[in-house]
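**Q** Spelled out, the chains give:
2 protein chains.
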Amino acid sequence: MDAEEFRRRGKEMVDLVADYLENIEDRPVYPDVEPGYLRSLIPTEAPQDPENYEDIIKDVERVIMPGAASPACTELETVMLDWLGKMLQLPECFLAGTHGQGGGVIQGTASEATLMSLLAARCKAVRRIQATNSDMSEMEILSKLVAYTSDQAHSSVERAALIGGVKMKKVPTDEHYAVRKDMFMKMVEEDKADGLLPFYFCATLGTTPSCAFDKTEELGPLCNEENMWMHIDAAYAGSAFICPEFRPLLNGVEFADSFNFNPHKWLLINFDCSAMWVKKRADLIGAFKMDPLYLKHENQESGLVTDYRHWQIPLGRRFRSLKMWFVFRMYGLNGLQAYIRKHVVLAKEFESLVRADKRFEICADVVLGLVCFRLKGSNELNQNLLKRITQCREIHLVPCQLSGRFVLRFAICARKIESHHVQKAWQHITQLTFELLQEPEH
Amino acid sequence: MDAEEFRRRGKEMVDLVADYLENIEDRPVYPDVEPGYLRSLIPTEAPQDPENYEDIIKDVERVIMPGAASPACTELETVMLDWLGKMLQLPECFLAGTHGQGGGVIQGTASEATLMSLLAARCKAVRRIQATNSDMSEMEILSKLVAYTSDQAHSSVERAALIGGVKMKKVPTDEHYAVRKDMFMKMVEEDKADGLLPFYFCATLGTTPSCAFDKTEELGPLCNEENMWMHIDAAYAGSAFICPEFRPLLNGVEFADSFNFNPHKWLLINFDCSAMWVKKRADLIGAFKMDPLYLKHENQESGLVTDYRHWQIPLGRRFRSLKMWFVFRMYGLNGLQAYIRKHVVLAKEFESLVRADKRFEICADVVLGLVCFRLKGSNELNQNLLKRITQCREIHLVPCQLSGRFVLRFAICARKIESHHVQKAWQHITQLTFELLQEPEH
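From first to last, the protein sequence lines are chains A and X.
With the working numbering, you'll find the first sequence wraps up at 1173, consecutive numbering, no jumps.
With the working numbering, you'll find the second sequence wraps up at 1173, consecutive numbering, no jumps.
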C-alpha cells in the first residue's frame, strides 16, 4: 500500500470507527454464534497473492462483527496461527485445526514465550518425576531440575530460569556459535551423574549476537530420549522459514515441544506479535489453569473452545490476530517471501562490500539479514569506530561480543530499505574508518 | 471529543502518519538528547481542565520527536506515572521525580504487576534470610516461604504464586468480604510457629466478586513489622481514588511496597495499560537485571536512566504512555473525576431500584460502580434468571459467588452510559424475573 492509498484507507477507517461508535446501541451486547463459527468463514490457508483491500475490510463486518470481541478474537487467532504455521511448513502436530492437540498463540514477546515453555516444562517434569518417585517433595525436585541453553542464547532465556526458580546451564558452542550434540550430551551425562534432573533445553535458531543456528536435528532426538522439553527460540530468523530455500534451517522442529518466533521482527506485523506453537496444548494449560466463577463460560468444558488465558501470563488480551489477517492478505505469501528475500540479498550485498575491503573481516556466516563484521585489529579500535558511527547519527549499529572480540552488527530491517541505502551506509562507515585510521594513535 | 471532531482529528492523524513515513529519511536515526530531557518540557502535573487538541498534537513534534522512540517512550512513561501518582495522592516515595527511589511503570495487566511484585519479594526475602542464615540453601528457603492473599482475591494472584513456585494461603474475610488484621495475624503466627517464612501479602482494594476493600491501614503495619512485602491490587477500584471523596479507600498505601491499578478499566485509557508503582525500584530491578552487550547503552550506569526492561517480564515495550498523555490532557483531572462520579451515581441509582423491589436483595456494600444483587431464593433460581438475561443479549452480567450464594453483578462501565440505560436494564431484568416467577416450578 503506497502513501496515497494509506491516506485514503486510513480516513475510511476513521469513519468506520466513528460509525461503529455512533451506532453501537444497535448491536447486540452478546454474540450469537457457536464455538468454532469463524473457521468455516475464511480460507484454511493464507492467500498466495495479495488481495484487494476492499475485500479484506468487507470481511470485518462479515467475519468479525458477528463474533464481536469474543469469541472472534480467540478464533481468528487460532486460525491465523494455523495459517502462519502452514506458511512455515510446521509439522501438522503443531496446528490446532478442528481436532488437533497442538496449536498456536500470540504472546507479547519471545521472552514471554520462553518463560511459558519453561514453566510448562517445569510443571510436567515435577509431575512425571513424582509419579515414579513418590517420596520426593516438589521442592526437592525443583532443586535438582536443570535447564540448558546455548552460551549465545538471548538474556531472556536465563531470566526465564531465574523467574522459574530453576538452575540453567549454558552449553558452549562450536566455531559457528552453534550448540552441537556432543558437547550438550556430555553436560547432560555429567549432570545426571551428579544427581541432577535435566528437564529443558532452549535451542536458538538465529542467535541475537550472530544469527547462528543450533543443530536441532541432532539435539532434538537427544532431548526426546532424555524426556527434556525442547523449546526453539527463532525470534528473528523464524520469519525467513516461509521461504522454501530457508526452511531447512527449521529442520528438527519435529522434535520440539514448543516453537516461537516474532512476526513483529521481520514479517511486517507491527509490534507486538510473537507467535508460539506447542505440540500438546494440555502441557501449557495444565500448568496454570484457574477457573473462578467470574471467568466461567458455557463452552468451557466442551473442548471446542480455546481459553488463551491459560496459555500466557496476562489475563486480558488484545485483538492482535487482526494485524496478521490484514498483512497476510495484503501481501500474500508471495509478497512476504519477496520481502524476506530482498533483505537477504541486501545483507549479502553488504557482506560483499565488507569482504572487498581488506581492512575489515566478516565474523560469522551471513545466512539471513545480519552481517557481523569488524576492523581487523583491537577491540578498542572497533569500539572507537562504533562510537563515531553513533555520534554521527546517520546509521545505527548495535555491537556484540563473539569469541571475546568486539563486533559490529549490520542488520537489514527497515521496511523500505533499498540497495542505495546499503551502499550509502558502507560509504559512511568507510569514511569514518578512514578518519579514524588517520589519527596518530592508530 | 464528539464523533464529528473524532472524524476530523482522526483523518488529520492519518495524514500525520503518512507524512512522517514519507519523510522519514529526513530525520536522524538516533536522538540527540540528554537523559532526562523530557521532564522539563512538560508540566509536573496533569492539567485540571481539558486542553485544546491542537495544543496536544503540536506537543508531539516538540516533546516526543526529538527523543524519538527511545528515550521518549521511557521518559514520558516515568513522567505520566508521576502525573497519575499525584492525581491519586500517592505518597511521595512512590514517585520517580528527578531523584526518587520509587517510580511507576506500565504493565500489560494486573496479573503481570502481581507476578512482578511477588518475584521481587521472593528475591528480597531469599537474600535477607540468607544474610542471617548462611547455612540455609536457596531451595530450603523457597520451600518455606509463604505468601498470603484474601480468599476473595483474583485468580491471577494464586497463579502468580504457582509461577513463582511458592506456597500461597488464602486469608478468610469478614462479613464485608475484607481481610482484617486479627485473622491475618493469627495465620502468620501459626505459620511462623510451624517453621514457615511469611514474606508477601497481596491486599485487594476492590475485589473482583464484590468490590470489597481489605483493611490495609491495619494490615500494612503488620506486614512492615514482619518484613513481608505488601502489594496492593486495586485493578478496578484504583481509578476512583483520583476523587478526594474516594481517596480514603486508599489509606494504608503508605505501608505498601508496591501498588497497582488498571487505568484501562475505568480511566478512559484503551487496553492495555496497567499502572504499577514501587517504593524502591532497586527491589524490582535487583531481582532480574541482565545486561548483555547488545542491550548496553551509554547512560546505563549514570542513574539518570530508567531501564524498564528490568521492571517487567517482556523485553520489548510499546509507547503506551502516549495514551495516558492524550487522555489526561483531553479530559483534565476535573473531567476524569466527573466521569468516575457519574458512574458511581448510576450504580447508586441501580442499587435503589433493586432495594425498592422486595423480591431482590443487595449482597454487598455498593461503594463504587458495582452492584451485587440477587433474587431472594435459591441459587438455582438466580442461575435461571442469569441464563435468561444472557439468552436475550440485551445486557451482559457476570456472576460471582458470595458466601456460597450465586450472585449477579451489575457493573457500570460503558463510556457513554446514561441514567436511561440503567432504567432500561432494570426494566429488562424485572420483566424476565416476572416471566421466570410465573413458571409453575417456582
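Calculated directly from the structure, the hints in this document are not laboratory data.
Be a bit skeptical, because a hint or two may be false.
Note: identical chains are not told apart, hence a pair may lie in one copy or across any two.
As the list claims (entries may be wrong) - Below, computed lysine to any residue pairings styled on SDA-like, alpha-carbon distance capped at 20 Å:
#, residue 1, residue 2
1, K789, R911
2, K901, P774
3, K1027, L1117
4, K1054, L980
5, K1118, G1108
6, K1118, E765
7, K1107, E1172
8, K742, M732
9, K1011, P822
10, K898, T829
11, K898, I872
12, K817, V1129
13, K1054, V748
14, K901, D913
**Q** None of the hints should be skipped; say for each whether it holds.
**A** Hints, one by one, checked against the model:
no., hint, in the structure
1, K789 / R911, "neither (50 Å within a copy, 55 Å between copies)"
2, K901 / P774, "neither (43 Å within a copy, 48 Å between copies)"
3, K1027 / L1117, "between (55 Å within a copy, 13 Å between copies)"
4, K1054 / L980, "neither (26 Å within a copy, 41 Å between copies)"
5, K1118 / G1108, "within (16 Å within a copy, 75 Å between copies)"
6, K1118 / E765, "between (59 Å within a copy, 16 Å between copies)"
7, K1107 / E1172, "within (16 Å within a copy, 89 Å between copies)"
8, K742 / M732, "both (14 Å within a copy, 17 Å between copies)"
9, K1011 / P822, "within (13 Å within a copy, 47 Å between copies)"
10, K898 / T829, "neither (38 Å within a copy, 38 Å between copies)"
11, K898 / I872, "both (12 Å within a copy, 15 Å between copies)"
12, K817 / V1129, "neither (33 Å within a copy, 38 Å between copies)"
13, K1054 / V748, "both (16 Å within a copy, 17 Å between copies)"
14, K901 / D913, "within (14 Å within a copy, 48 Å between copies)"
When the structure is compared with the earlier hints, violations turn up for hints 1, 2, 4, 10 and 12 and for no others.
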